[in-house]
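Could you fit the two chains together into a complex? Lean on the hints.
Each chain is listed here by its residues.
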Amino acid sequence: MTLAVDIEATFTADGADAFHVAADFEVDPGETVVILGPSGSGKTLLLETVAGFHDHEGTVEHDGLVLSDRPPEGRDFAFVFQDYALFPHMTVTENVEFGQRYREADANPEALLADLGVADLTDRYPPTLSGGEAQRVALARALAVEPTVLLLDEPLSSLDVPTRQSLRADLQDVLAGVTSIYVTHDRTTARALADRIVVMNDGQVVQTGTPEDVFERPASPLVARFTGSNVVPISALSDRASLLDGDRDATHLTVRPEAVELGAHDPDLTGTVERVTREDATSRVTVAVEGVPEPITVFSVDPPAPGTTVSLGFPPERVATCRA
Amino acid sequence: MATRTTPLPLDALGRGSVALAVVAVQAVAFAAAYSLGRPTLYAGFVVLSAAALGFASRRGLFGVAMAALGSVLLVALGLPLLLFAARQSPSLIAEKATDPGVHRVLYLGVYAPLLAAVASLAFGVPLAYHLSRGFAGQPLVESLVDLPLVVPHSVAGIIILFGFGQGGAFPGLSVLGTLPGMVLALTFVSAPYAVNAAREAFESVEDRLEYAARVHGASPWQAFRRVTGPLAMRGMVTGGVLAWARAVSEFGAVAVVAYSVEFFYPPAGERVVAQHAPVFVYNTYLQGGLDESGAVAALLLGVSAAIFLLVRWLTTDATTTQGVA
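Line order of the protein sequences matches chains S and H. Oh and the first sequence: position 8 is 8 in the UniProt record's numbering, straight run, nothing missing. Oh and the second sequence: position 39 is 39 in the UniProt record's numbering, straight run, nothing missing.
This is chain H alone, in the form it adopts within the complex (with noise of 0.2 angstroms):
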């Protein structure tokens, strides 16, 4: 189907080859800026770079005004990131990756958020099915599930050492500097992200398609198994994504709650103590100064991106609907 009659300058190009270009561009741009020790030079140039691709798609003064407006929130969001990375010292980064202190840090820093998400997931999927169902008394319990945004992350740990701590609800349960009481803060901060996405997703299954598999034989629990739970799995999956990532960030309510703990630690195959990776890097920081807190921190960066595209990508092709849902 022909709609345009003139392609546009870009079109002509293809999409991919335009994205390299415009990469390649960047990247010697702020290599040029970063060398000039002018990295301001860089921001003015990815505002100007924006507006003129926004020209150069043919959007008008309008599409013009609102790629340049846009692109100062990328220089805010990118630039820091750019420079973080650019001044980074390669061989501080070498040493600490061959740490073995730094080995339990980003092993208990991907593993305690891991079970973090998974208990959001087991509990909060449930939850987001029956809010994605409606009952009497929901908006009680959707401000509840969304208190921990708004909560400051400290006083969620405190939150916690009053509820579960000494004198709490479960006597037996030490939860101040133990595992169980840093993923109980971690699922603290971080089930909304799994229960609202979960719940989206469970929303944008039709009703019909369960009355269709009930009508037709299956009971609530085989309708959930075999209709709306396949094709709400994106969503789930999402949901245990975002927590998972949101809890691999966590500072506030873990160095409250459980500063170091103790755990079992597979490639030592015994019990070592370590702290959460964010607090290690805070720590660090404290003791070591930037250069070494930096170093930390782009080795947490890059384990962090790595897991985060892998589930990207393999939750894009293994749930897919054929287009739908």
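Bound-form chain S, shown alone (with noise of 0.2 angstroms):
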């Protein structure tokens, strides 16, 4: 029952250069695959030709069964639009009924508003809805045909942060167990949701693997840096041999914001605190290091005030080397 994904595809727009999109990768049943990556990386073009809505090479299999030449209603598929799409002339209950009429499918509507917290919306138009709840009613629209693989494209990137993050909550409990691709530029929601992510870039995969693979161990310094590792060329180390683990190769070191130690005894790069960022619970602390063309960014309760000098440490469990 695993979905394979292999296709490539070029897109057209009046005035721009050819954009091509080329992807491989597999989702196992009941597994949420994240697609994550920079706008304009071409992951949505992805996922909406996974669904069908461009012409694209290679091929799209469930199960063995070739889906690449069948149109969007042929896929058994169902998609959570960004924007919600839902059909402003239908009351939310018609609307989650859509594709009920189509496909063999008898998820009860009003159960499933009720799981989704919007029962009391059956009878509202979607002009009136807030966003959270348009979200809310276009996934259960979409999980009410039972779908073999459900498609997200960055359902949760138009609500305001507290909405986004109730209905982040949520997702983590509908997605639990429903084969699913989840596109996203936001990197706290791809590590919330993810099984497995597939990074893009300008068009191409760069990385696949676990959360813990793409955050820990990010393959190149692009990775690292939108996954919000800190990058350090090896070149401005001192001390490289412990912490380059036998990669002779590597040019450059990641190590998470969360790993890095503030006033280390045995510091590996000493710097001059840039900026305190307040942030929730903690403190986001940008230091400035000589030789590294980017700051380092480091966590603290109690941060030191801007221009201090500090020492950094990296545990050595925690850095990942990776080459440019």
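Hints in this document: simulated from the structure, not taken from any laboratory. A virtual CB, placed ideally from N, CA and C, is assigned to each residue, including glycine. Incorrect hints may appear among the rest.
Over 10 angstroms on every C-beta distance to chain H, these chain S residues come out as not near it, computed from the model [what the hints assert, rightly or not]:
no.	residue
1	Ala-78
2	Asp-83
3	Ala-85
4	His-89
5	Ala-142
Which chain S residues face chain H? A few, computed with CB under 7 angstroms, are given here [unchecked claim]:
no.	residue
6	Phe-19
7	Phe-25
8	Pro-72
9	Glu-73
10	Phe-77
11	Phe-79
12	Phe-81
13	Phe-98
14	Arg-103
15	Ala-107
16	Val-145
17	Pro-257
18	Phe-299
Laid out in structure tokens, this is it:
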């Protein structure tokens, strides 16, 4: 029952160069694969291509069945759009029931709406809903057809922060056990929801792995930057041997901000606090280090003042190496 | 939400009562100017009162200038209409209104354009849908669709005779002086309105809604029937009404192709001969003078306005989409 995607597609827009998207990955039954990438990396086009909205080369196979020559209605998927794409002239219930007319699915629309906390909206029309309500309805519409694979395109990114957090928590429950592909540029969401992550940049897959792999062992400085890791050129380190772990060709070292020790006794680097940004429970401290192009980010509950000289320690077990 | 501290003098009265007051004042002013035999005075009064309303809405000198200039066009459009209405002889209109010959003309003047509007929609809506989604060679097709808008309509009539008349595309179809010829001519000149209005409506329906319908199981036809079509319904109806209205007013092409036609007339239960209403009005003008043609024109104007308002009213509520589209 694995979904196997191996596709290539070229997109042309007026006045722009052709954009090439290629990806090769699998989604196991019950698994959520998050496609993570910056804006313009082609992840939405990839998802829409999997759904059958665009012409492409290569194949989309589910359980050995080739779906790529079928139109969107023949693939047995469901889709949650970034901007909801609810039918404005139908009530919430009519929206949720929409696909059940065409698919053999007997999920109870009212129960779905109730599970998503929007049971009282049944007779409302989409234009009267808030963003969070609309996206819950859109999710119910997608689940109502009991898809083999659920496709979600940045479903949280049009929402304000509190709504996003509450829907993200609900999505963790909804997606558990549902075979799904989830596109996002938000690494927090990716980490919260993914069983596996496919990192995309400029239309190409640059790393595939578990969240642990992608966040702790980024395959390149590019992935490290995008997932929020610190990137340090190895040339900037005085004592290289202890951190290199045998990879002689490595050019960069990466380490998560939460792993960096501030005020370490045996520092790997020394720098100057550039900025302190207060966050929920802790502060984000950026430290400028000579010879390191990008400032190092560290979290601290008791941050030093800007301008202070600080020592930074990288626990060897949390350090990874990569090649540019 | 109070965004203004002092209400405008006009706002304080409420929109409805302001409109009513303005109409009443204008009616009195027109009646006065007309009875003095100096309608020009009324034209000046309209421009001055528009400027005064602009001033009262506190839009500043800019607002006053825009209102005054805009009202000049209103005078050009409205004053002839008012004078036309005022100068009709009620007894002559009543006489024409009971003339069976005029009934036939009015019937044909509504019925043939209706057929043309239906034809424009039946074939124009699919074309409009494709134009809204884009295809290779689209600019060429667009130019062809808009061609009737720039071709003089007598020329359109000649083109139709060459294309569909004797020796034309359909040898079995008699076009000159027949109802099919008349409907063809009317469709030729009115179809662009139906296509363009429907196309705009389709363009306003987001691609994503169609995608959403498709990915949840609907075929292209089902997606159109349940999503795109209903959301574009008002635009399609508007296109139909525009095409119908354009066909009602068509003179040139019909005068060339089907000056007078024979058709089945249900009130008489038999086939009768009549002319398209604009052609009939022109004919009456040539034969009977301005007064007689004015009376017929007034009837045609009344019937057109009534149907136009009726359709507008029907489409305002029936096809609303809860404030969207």
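A quick look at each hint next to the structure:
no.	hint	result
1	Ala-78	6 angstroms, violated
2	Asp-83	7 angstroms, violated
3	Ala-85	4 angstroms, violated
4	His-89	4 angstroms, violated
5	Ala-142	7 angstroms, violated
6	Phe-19	18 angstroms, violated
7	Phe-25	20 angstroms, violated
8	Pro-72	4 angstroms, holds
9	Glu-73	5 angstroms, holds
10	Phe-77	6 angstroms, holds
11	Phe-79	4 angstroms, holds
12	Phe-81	6 angstroms, holds
13	Phe-98	6 angstroms, holds
14	Arg-103	5 angstroms, holds
15	Ala-107	12 angstroms, violated
16	Val-145	5 angstroms, holds
17	Pro-257	37 angstroms, violated
18	Phe-299	39 angstroms, violated
Hints 1, 2, 3, 4, 5, 6, 7, 15, 17 and 18 from the earlier list are contradicted by this structure; the remaining hints agree with it.
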